[in-house]
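Undergrad: The listed protein sequences derive, respectively, from chains A and B. Residue numbering for the first sequence follows our numbering, starting at 1 and increasing by one per position. Residue numbering for the second sequence follows our numbering, starting at 326 and increasing by one per position.
Just so you know, the hints here were simulated from the structure itself, not pulled from any lab data. All residues carry an ideal CB built from backbone N, CA and C; glycine is no exception. Fair warning: there could be bad hints in the mix.
[Claimed, not checked] Restraint ranges, calculated between C-beta atoms of paired labels, are given here:
1. B:396 <-> A:270: 33 to 39 Å
2. B:492 <-> A:271: 22 to 28 Å
3. A:141 <-> B:420: 35 to 41 Å
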Amino acid sequence: MSLLDVEDLHVEFAARGLDNRMRVAQALNGVSFTVRAGEVVGLVGETGAGKSLTALAAMGLLRSPARIPQGRIRFEGRNILDMPERELQRIRGRRLTMIVQSPLTSLDPLKRVGDQLVRMQRVHGTASGAAARERAEATLAAVRIPDPSRRMQAWPHELSGGMAQRVLIAMALINDPVMVIADEPTTGLDVTVQAQVLDTLRDLVSARDLGALIITHDLGVVAHYCQRVAVMFAGRIVEDGPVREVFARPGHPYTQALIASTPGRIAQLGWTITGGTPPDLYNLPQGCLYRDRCPRATPACLIAPPRVSLGEAHGAACHYAQELA
Amino acid sequence: MSAPVLSVQRLVHRFSGAGGTTVKAVNDVSFDIAAGETLGLVGESGSGKSTIGLLATRLLRPTGGRILFEGVDITQLSPAALRPLRARLQIVFQDPWGSLSPRMTIGRLLEEPLTLHAKLTSVARAAEARRLADRVRLPAAALARYPHELSGGQLQRVSIARAIANRPKLIVLDEPTSSLDLSVRAGILQLLDELQRETGVAMLFISHDLETVRLVSHRVVVLYLGRIAEEGPTPRLFEAPAHPYTQVLLSANLPPDPSVPLARHEVFGEIPSPVNLPPGCFFAGRCPVALPACSTAPPEPLRVEDGHFAACIRVADGTNILAPAEETAR
Chain A
1 MSLLDVEDLH VEFAARGLDN RMRVAQALNG VSFTVRAGEV VGLVGETGAG KSLTALAAMG
61 LLRSPARIPQ GRIRFEGRNI LDMPERELQR IRGRRLTMIV QSPLTSLDPL KRVGDQLVRM
121 QRVHGTASGA AARERAEATL AAVRIPDPSR RMQAWPHELS GGMAQRVLIA MALINDPVMV
181 IADEPTTGLD VTVQAQVLDT LRDLVSARDL GALIITHDLG VVAHYCQRVA VMFAGRIVED
241 GPVREVFARP GHPYTQALIA STPGRIAQLG WTITGGTPPD LYNLPQGCLY RDRCPRATPA
301 CLIAPPRVSL GEAHGAACHY AQELA
Chain B
326 MSAPVLSVQR LVHRFSGAGG TTVKAVNDVS FDIAAGETLG LVGESGSGKS TIGLLATRLL
386 RPTGGRILFE GVDITQLSPA ALRPLRARLQ IVFQDPWGSL SPRMTIGRLL EEPLTLHAKL
446 TSVARAAEAR RLADRVRLPA AALARYPHEL SGGQLQRVSI ARAIANRPKL IVLDEPTSSL
506 DLSVRAGILQ LLDELQRETG VAMLFISHDL ETVRLVSHRV VVLYLGRIAE EGPTPRLFEA
566 PAHPYTQVLL SANLPPDPSV PLARHEVFGE IPSPVNLPPG CFFAGRCPVA LPACSTAPPE
626 PLRVEDGHFA ACIRVADGTN ILAPAEETAR
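Sequences and hints are given; from them, build the entire structure.
TA: Shown next, in the form of structure tokens:
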């Protein structure tokens with residue numbers, strides 16, 4: 001069953017420029033993907049591609065000046081976008097939770113770790129009192145924090161980066177959600193710690209049959225911790241499919257460029273990348289948004305490409321995907 | 326063989342920490358870098374990588390040890406005595422936003438190092454700035470802009486252009502691509518590679534990113550808590566890591582390729598505090614193959630093969646290799 005179903009999502013921001021004219025930035029331009037129970041989906045792309053914005057929209061956290069002119073977001077079959085705030089609050093932090101990037105700024109510095117975990121349960125009415133404390137300790141143990149009863153008493157500033165990230169994972173899991181969104185969950189952590197944190201997350205996702213969306217710019221994380229991947233460029237998903245398929249037969253020139261920019265491929269194939277800047281979101285070009293950077297672009301690319309199927313659940317938004325893959 | 330461009334000998338650095346404590350950031354580190362060579366310096370947070378970069382460029386004065394630049398002992402030189410050397414001894418930092426004055430145009434930022442170190446007319450200086458911009462592939466229009474108008478990748482090109490302005494012999498690069506996107510990163514690495522081929526500049530490439538270090542370095546030094554765990558030619562160190570810490574570190578790397586299986590060595594225990602370091606090998610408390618002798622005295626670097634050394638007593642009888650880790654399921 002699909003837990004999260006995002007369909008043709010558009011998000012724009014209206015801003016007044018220095019010349020006092022209103023301008024509109026088209027940040028998301030038709031994002032579609034699904035996350036099912038028991039699967040980890042990776043959302044990759046470069047800075048400004050709209051990854052975190054997609055996560056915020058899915059959590060129902062977008063506020064003015066962000067606008068959603070078009071699109072649908074369904075969580076467990078219900079449309080998040082026309083849900084009243086009170087109802088959203090019953091889902092957010094309970095059924096659908098989020099792990100953010102900077103653990104030390106996301107924990108309340110004035111509350112002990114245990115108290116924060118207890119509060120998460122009390123707010124959502126899942127447990128209170130001794131039961132909540134017991135559960136908090138068990139969850140700390142589940143995210144493999146050594147000596148959990150002592151850590152319950154710890155202040156956030158006493159935790160290392162890896163420990164703090166584990167506490168955030170515990171916060172996200174304590175109310176038994178069905179789905180977790182992790183926005184760059186290990187960026188800034190050392191490699192050995194990153195591997196441990198991701199292992200913990202993956203094991204819990206599979207043990208509890210959760211759906212998970214991992215947002216990252218790190219292809220290594222996608223390659224080893226996700227089953228499916230969606231590649232974003234300029235607010236669009238340009239390719240999606242099973243991880244092994246997409247890495248083995250990328251159909252979109254942007255996906256190909258991303259993979260070719262990894263040090264391992266450079267060592268094999270030499271310097272092949274033509275970098276470039278993403279399109280101006282205030283003034284989006286017609287047709288394929290990757291056109292200006294694409295070595296394969298032709299006049300046909302002035303027409304926006306449809307998603308071309310490249311196999312079971314694998315597709316790329318490029319007119320030439322079939323021959324490129 | 327000609328003298329190394331940079332020679333760091335038994336370098337030690339201490340910071341004073343909170344409450345009268347002493348942070349032992351760098352503990353007896355020695356290495357050389359030859360002309361045309363890139364030495365990769367890898368390690369996790371707190372391993373002393375960045376401190377070594379600052380010491381090598383004498384932006385910090387070491388607590389102990391010697392630093393020779395082009396054969397000249399610069400360990401105790403005063404800032405004034407260092408200034409003429411700085412033209413040839415450059416550093417590029419991770420954060421280009423923080424390292425370029427927001428109030429100067431790119432053109433002036435590029436002219437600044439020339440003003441300091443070269444006697445040029447203003448016309449010649451402007452021409453040289455244009456040449457530098459062109460060399461790092463910045464559009465000519467960028468010269469009139471301010472840093473906030475450029476992307477991170479373009480700003481890092483400005484930092485590199487400033488570093489090469491006076492034909493340096495050594496550039497220390499402290500995480501130069503860590504804040505950049507993948508395709509932008511590749512462009513910067515390619516630029517550095519070209520510059521080295523053209524000018525023979527030596528580079529000290531500091532990074533926590535194992536994949537990038539493997540790509541750009543000729544030799545690699547692995548640091549753990551301010552001490553060298555292992556040093557060797559890049560291909561050998563990555564293919565056959567000898568120090569147990571290097572084996573653990575490399576096994577945690579996530580190559581961006583799903584067809585490469587992961588086999589991770591698990592280690593437990595906390596990293597010792599640099600305020601209170603253990604007497605022997607710093608990794609002994611977490612090492613799967615530690616012996617009682619590991620905790621008594623600091624291990625000497627032992628030869629693994631030519632040019633490849635590991636500071637592990639178990640190298641002596643070849644028992645330093647960890648049991649193969651199980652492949653982790655996806």
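Undergrad: Now tell me if each hint is right for this structure.
TA: Evaluation of the provided hints:
no. : hint                        : verdict
1   : B:396 <-> A:270: 33 to 39 Å : holds, 36 Å
2   : B:492 <-> A:271: 22 to 28 Å : holds, 24 Å
3   : A:141 <-> B:420: 35 to 41 Å : holds, 38 Å
Every hint, counting from the list given before, is met by this structure.
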